[in-house]
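Asks: Take the two lone chains, each set in its own frame, and fit them into one complex as the hints suggest.
Just so you know, the protein sequences line up as chains A and C, in that order.
In terms of this note's numbering, the first sequence opens at residue 40 and continues consecutively.
In terms of this note's numbering, the second sequence opens at residue 12 and continues consecutively.
In short, the hints are calculated from the structure, not lab data.
Quick caveat, the model's predicted, so the values are computed rather than measured.
One should not assume that every hint holds.
[Claimed, not checked] Pulled a few chain A residues facing chain C out of the computed Cβ check, cut under 10 Å:
1. His75
2. Glu87
3. Ser89
4. Thr110
5. Tyr421
6. Arg423
7. Ala449
8. Ile480
[As the list claims (entries may be wrong)] Think about it this way: if two alpha-carbon atoms lie no more than 30 Å apart in a straight line, the pair counts; the simulated DSS-like pairs of lysine-lysine are:
9. A:Lys81 - C:Lys449
10. C:Lys117 - C:Lys430
11. A:Lys92 - C:Lys449
Glycine is no exception: its CB is placed at the ideal position from the N, C-alpha and C atoms.
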Amino acid sequence: MTEREALELATSAVEMAIKAGADAAEATLSHAKRFHVEAREKTISKLEGSTAKSLHVRIFRDGGRRVSVSTSDLTPESVVRALHAAVEQAAVVSTDAFAALPDGCGRFAGELALFDAAVAQRDDALKVDDALAMEKAVRDADPRVVNSSGSQYADSAAIIALANSNGFGAAYTSTRASRSSVPVAEAGGVKRTGHYGTAGRFFAELEPPEHVASKAARRAVELFGARKPATARLPVIFERDVAAAVLHDLFSAVSASNVAVGNSWLAERLGDRIGSELVTIVDDGTLPGKLGSSPFDGEGVATRRTGVFERGTLRSFLFDSYYARRLGAKTTGNSTGGGIGANNFYLEPGKRTLDELIASTKRGVLVLDTIGFATEHATGTYSRGARGFMIENGERAYPIDEFTVAGNFAEMLAAVDAVADDLIFDSSIVSPSFRIAEMTISGS
Amino acid sequence: MFDREIFERLLSRALRFGGDYADVFCERRRSYAFRLQDGKIHEGSSGITQGVGIRVVVGESAGYAYSDDLTIDALLHAADSASLIARSLPSGEERRVEVRASEIPKLYDETRGSHADASEYVALLSRADVAARAYDPRVAAVNAQVSDELQDVWIASSDGRFVHDHRPMVVLGVQAVAVRDGERASGYVGDGGRTSIAFYETHTPEALANDAARIAATNLEAIPAPAGEMEMVVGCGGGGVLLHEAVGHGLESDFNRRGTSLYSGRVGERVASELVTIYDDGNIPDQRGSVAVDDEGIPGQHKVLVERGVLRGYMQDTLNARLMGVAPTGSGRRQSFRFLPQPRMCNTYMPSGESTVDEIIASTKRGLYAKSFAGGQVEISKGDFVFMVAEGYLIEDGKITRPVKNATIVGNGPDAMTKVVAVGNDSALARGHYTCGKGGQHVPVGVGMPTVKISSITVGGTQND
Chain A
40 MTEREALELA TSAVEMAIKA GADAAEATLS HAKRFHVEAR EKTISKLEGS
90 TAKSLHVRIF RDGGRRVSVS TSDLTPESVV RALHAAVEQA AVVSTDAFAA
140 LPDGCGRFAG ELALFDAAVA QRDDALKVDD ALAMEKAVRD ADPRVVNSSG
190 SQYADSAAII ALANSNGFGA AYTSTRASRS SVPVAEAGGV KRTGHYGTAG
240 RFFAELEPPE HVASKAARRA VELFGARKPA TARLPVIFER DVAAAVLHDL
290 FSAVSASNVA VGNSWLAERL GDRIGSELVT IVDDGTLPGK LGSSPFDGEG
340 VATRRTGVFE RGTLRSFLFD SYYARRLGAK TTGNSTGGGI GANNFYLEPG
390 KRTLDELIAS TKRGVLVLDT IGFATEHATG TYSRGARGFM IENGERAYPI
440 DEFTVAGNFA EMLAAVDAVA DDLIFDSSIV SPSFRIAEMT ISGS
Chain C
12 MFDREIFERL LSRALRFGGD YADVFCERRR SYAFRLQDGK IHEGSSGITQ
62 GVGIRVVVGE SAGYAYSDDL TIDALLHAAD SASLIARSLP SGEERRVEVR
112 ASEIPKLYDE TRGSHADASE YVALLSRADV AARAYDPRVA AVNAQVSDEL
162 QDVWIASSDG RFVHDHRPMV VLGVQAVAVR DGERASGYVG DGGRTSIAFY
212 ETHTPEALAN DAARIAATNL EAIPAPAGEM EMVVGCGGGG VLLHEAVGHG
262 LESDFNRRGT SLYSGRVGER VASELVTIYD DGNIPDQRGS VAVDDEGIPG
312 QHKVLVERGV LRGYMQDTLN ARLMGVAPTG SGRRQSFRFL PQPRMCNTYM
362 PSGESTVDEI IASTKRGLYA KSFAGGQVEI SKGDFVFMVA EGYLIEDGKI
412 TRPVKNATIV GNGPDAMTKV VAVGNDSALA RGHYTCGKGG QHVPVGVGMP
462 TVKISSITVG GTQND
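Isolated chain C (complex conformation) (with noise of 0.2 Å):
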């Protein structure tokens, strides 16, 4: 959007007072989307974020000022702003910063320049409605959305790089809500990466209605979850959840630096049984989690957090690299320029073990089986997490039974982790529609699992027995 000039000026010029490092992150995302109800087009909507975010660091310290207003005056007042966190530094001189332009990694597809024509989404969102009533004649109400969004950033860095990615993202969401005598039930599923809608041709909005519909049918006919603690075995794909909050966040660099999270200091330790190996990776071409380049500039990489139990690294940003004296991972995130990156998950999942999903299954004898997740939350500091279950059913003497609603889980990231008692063959990413927060920040991410027996959890229903 600027040549490399301005971003040599505007790192220069944030480094007046000194610091260690400066970088500024440049933005321009368009959005375009439309949404679905009672079987219309009910409204479209677009969007532009385009702005300048500046940073300064010094030590574990970040001054920080962003501008949407890209006039050259306007960038610099950015720049003094985030330099005033240098202010009390004796050198007070500016030092003049050069950048070079590095090619980065091809991960998805960056020739397209605009969205398809308005036609073909509203194509999609019309065929997950036709699919969705037709898959069940309880489904009474169909919700729907699709978007694409295509995210331009420029990073240039005081130590030198500079750099463009050019971020395509589609989504396509599908709620169906069944009836049956005035009770409700819904299911929800979302499938997209970071492509273009051609990807619907091949995971088609049949496809998703289909699982939508039966889902919200399903749960129809569920019981009321049991209250207790219980055997669990959570089903390949999108019970990668469980990963995400269990361990992920726990292995993010700042928790770990500050030394506020329970797995600060643990590197080479045992944190989970030794069938538990965890990666996260952000090189998975096309994936909802991918970066061909992070929010920092850095290369996605492929990562090692978990391996047999042994816990191996974290998921660094530049800062928290530099402090802790290890290597970036590709792992600092942004929700825009309007905020500091922070140490994030790309894609996070479990590689396969040797379990048959039908011996996970017989080995039960009374348990829950949780097949996919809701979504889920954890507490840093001493580890607990709760996840809610979207479709789950009993498992009793082995075998899968009744379907189950609202069961809520709740337990201890290393105590469920030491609790892992059997690994499926069948590892697979989730559908890509998972969107993580921390801190105000709401970035994609991807998850991945096989299916995974866990010995001892506390389910949290109303069925007390």
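If we strip away everything but chain A, and leave its shape as in the complex, we get (with noise of 0.2 Å):
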């Protein structure tokens, strides 16, 4: 398929939308061809390749009753059933005088890069020779690595092609690859499991099969002969990985979904100081490259640079169209056609290494992995099951786990005390690891 098919297809749905009887609508066809390779030991373990396409409407009958249709049936016959049931649907549906297709749509001027022939066109074999060379690597590793969980490639091209009955239409292609390691690690009868990534739009970002598998392999053995910390306050330092985790939870707490219902703990702090100067947490949709970049939004609004926190101080929510209508601000280009979304939402790095950040640490807990997820986004908790490093006099001192992290998200921000510079866009949402002054350890 190619965007201008794809662009038809959804300009047709629009149209289809309008004579069902919707006084307006969006429609956006996706079109996925995704390959997927998992290796273990020397076997072949799972090959994957498809193509899926769907098809996802909105449309608005008579003041803002709306209906949202998903469907992976592309016979017309069909999509001109489901939006009839969609436009009866909307009768019983309340009307909302925000619910409608955005003001302004278009699409970033500017160079994005989002598309990488490299990884369109690559060979399947050598896809499956970089998942076999990273089961080697990784048992070559360390001798204690004697199973995994499997490594992976994968690769995806898809076009996305969003037309609106205001007129707009617009597509746009992107890649993605992502080489990916699970190893296990065996010693004293216990296992122990390691998980390292790599991603990126451009085949020649990734990090080679060696890298990701060494790096797997560290993660699955250096937490052996872990301890149980005892209950403390201390500082505690995220490193990278989890201090994305971090991010993701302050994004829902951005996300003007969120803020509208009071299902945020930042919903009456516009405008405050709660972070540290260390706190600038920017959504930027233009970033050429990037897995979060893209021209327009899920309602075909053109991205932008949000500044979120800066040097601490709360500047803006993330919005789509509706709730920056509800909320009286305006669009950040953040819709996912339906909902909220980052684009590339991250904290800005500072200037010191992880190392450094470390060995400026007298007494505290590195945190290399959680597990769990907080779900109070409205009183602002935060828990997580952790497993780290206890560092002492700025060395990693011992492993530790099965302890857990605590703290409030305002006490969070306002005590970050140091930044690393190891960012890198392997995802939408990301961070540098970063050092909190002080948190809750509770262990024995």
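Replies: Structure follows, in structure tokens:
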């Protein structure tokens, strides 16, 4: 399928929706070619290749009654039937003056570099070799790595086409590729899993299979002999991946959909100084080549850069057009076509390395991995199961696990006292490692 | 959706290079949903998920391809893509596969052909909204959603199986947010199962809304959870999330066949206190986690996972069962035709023991009463788990005292199960709203539990004493 064909399908879906009785409509057609290979030891354990299409239509009728329809059945009769049913379904939805197509659609004018022919055209046999090479390297890296949950290479090439009844229509094509490895190490009757991955829009950006394997192997073995730490209040360094998970929680708190219904601890705090000087958080959909970049968002609004926290001060929430109208703001180009999503949402990196952060910590905890998920966005409470290292006199003294790290987001942001330089855009929500001056560690 | 000959043709084509096994999973799922916010019907949605997934298995390798385009050319192309896994095999001859349609057990309402009238769903949401606000004046916001889904699956395999299952699923969820002096707290409950919205005539939206509002109001009064090791009493019903995470995932056969679970190779060994018995049951009528047949066409079963502390068996899909030389247990499940099946839980629960709830509480000097969990996660190889407590209370000198908020429980599966020192006589299945995630795939599950006491667990609160 070409961008033009995808756009024609989206445009015709909009026409069908209007014909079915909608006052306004928007259709997004996505078409993705996906490949995924997983190897274990010397065997290819999974080989998947498919093409997926789906159509997402939002319809509006009489004063903002709205219904969305998603379908993978693109036969015209089925689409027409689904759209008629949607118009009927909308009759019982409440009127809502804020529910409408966005006022101004468009696309970011600059070059975004979202497509890499080297990803789209790569030979399948080479991808299989990647997975097998990581399996070999991960076992060669450490004798304690005796097993694995697999090493994987995956890629996709996707077309997104969006059209609406205000006459907007545009499409773009993007690629994504990733490598990851999940070794299992065994020592003293205990098994431990490590995980490391690399991802990007461009093939050349990926870390080589050997790097992925050696980092994954290190993560599998480095926590052997871990102890449960004593319950205490200590400085905590969140390593890059774990720091990104904290940013995920912050993203929820600045999403206007949560702010509007009071499900955010930041709801009444716009303009307040909340974080330390080091907390500058940005959402930017216009960074060339990054995974969270795109020319327009899920409702056809041009992407842009939004300063969310500026040196600790909360400057903006993130909006789609609906919540922007509802809260008297302007959309920030964060629509997913039904919800609010991140573009590239990240904490500005600092100048010191992670090792320098550790070296400058007399006694504290380095968190390398967390499990669990916080659910209380309304109160801003953070609590996770964690594992990592106890830091003593600026060094990784010994591994620790089976503890929780807990705190309150407002206090955590205010206590950010060091940010590392290790930001990598391997997802749409990312963060460099950072240190929080004090949090509660619950152990024995 | 297609006749038998099409399935046979696809299976034969998929095995053109050989292979041990092939199957075709064809799905058409229709969903219908509404969401309420601010006392209004905020939006409606509907969806159709339709497509075919074709798998070829060679030893421990699986080739997979799916197509949402149902033309015969597109489906044959998918069969060809799936067959590539067997490309290097010597045989290279297309073989003729025949399948025979078989009847499957009746486990839920299979007669319903479509969703109910839109007004009925809207009425359920409005009733929940009114009830939650009426329960406590501090309830400032109510969010609720209802969805109704009908999934038809047709599954054919190279060993001759050909089945059709028609699976209904309803769920109604209510979140209440209570506010006092700028402080916020929320409560969420959901209920449903493989049935129709007639379910809510007896499981009323008012009952759900009252519970959501009660939890929100209770959490407004809650003090920060204590931090450190203490006794824990897990509430009946929703406490079953503990079994799901602490034991269940570790007994899925993919991890055990590969030797990556801490339970690998331990069938017949003691893995828990002898008070602990755990079942996984795909056959409970109308339950959210039930399957008349799983997503490989194997009938759902009642499985004994742990019996009086001894590990009895794993949950098996066809691939891992074949490699381990045992029978599949009806545990092969997938999110949709876009995914390979995985061994998964259905309804996981512990039967009743001997103790009364009063005895269990009275025997606890200082501990946490975790009445329900908001969710959890486990790390398979070592067995470390985490749970978020949705509704929790302190137990002081044998009495339930103050509510606590934001408690997280952290522990290790076999360690916690060995520390089970009392099992209540009140086993119950939790309300049906749980969804389990594994390897990027989400499937509906059920959990159940009597009141259970664990002698020591780490509570990750913020109150350090």
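Asks: Taking the hints in turn, state whether each one holds.
Replies: Here is how each hint holds up against the structure:
1. The interface hint given for His75 (chain A) is met, as the beta carbon of that residue sits about 9 Å from the closest beta carbon of chain C, less than 10 Å.
2. Interface restraint check: Glu87 (chain A) against chain C, minimum CB-CB distance 4 Å, threshold 10 Å, status holds.
3. A hinted interface residue such as Ser89 (chain A) counts as satisfied when its beta carbon comes closer than 10 Å to some beta carbon of chain C; here the least separation is about 5 Å, so the hint holds.
4. Residue-level restraint check for Thr110 (chain A) holds (minimum Cβ-Cβ distance to chain C is 4 Å; threshold 10 Å).
5. The beta carbon of Tyr421 (chain A) is positioned within 10 Å of a beta carbon in chain C (closest approach about 9 Å), and the interface hint is therefore held.
6. Taking 10 Å as the C-beta contact cut-off toward chain C, the hint placing Arg423 (chain A) at the interface holds, the least distance being around 7 Å.
7. For Ala449 (chain A), the shortest C-beta to C-beta distance to chain C is roughly 13 Å, which exceeds 10 Å, and the interface hint is violated.
8. Contact between Ile480 (chain A) and chain C, as hinted, is supported at the beta carbon level, the nearest pair being about 8 Å apart and thus within 10 Å.
9. Distance restraint check for Lys81 (chain A) and Lys449 (chain C): the Cα-Cα separation of roughly 24 Å lies within the 30 Å cut-off, and the hinted pair is therefore satisfied.
10. Proposed proximity of Lys117 (chain C) and Lys430 (chain C) is contradicted: the alpha carbons are some 39 Å apart, above 30 Å.
11. Distance hint between Lys92 (chain A) and Lys449 (chain C) is fulfilled; the C-alpha atoms sit about 24 Å from each other, no more than 30 Å.
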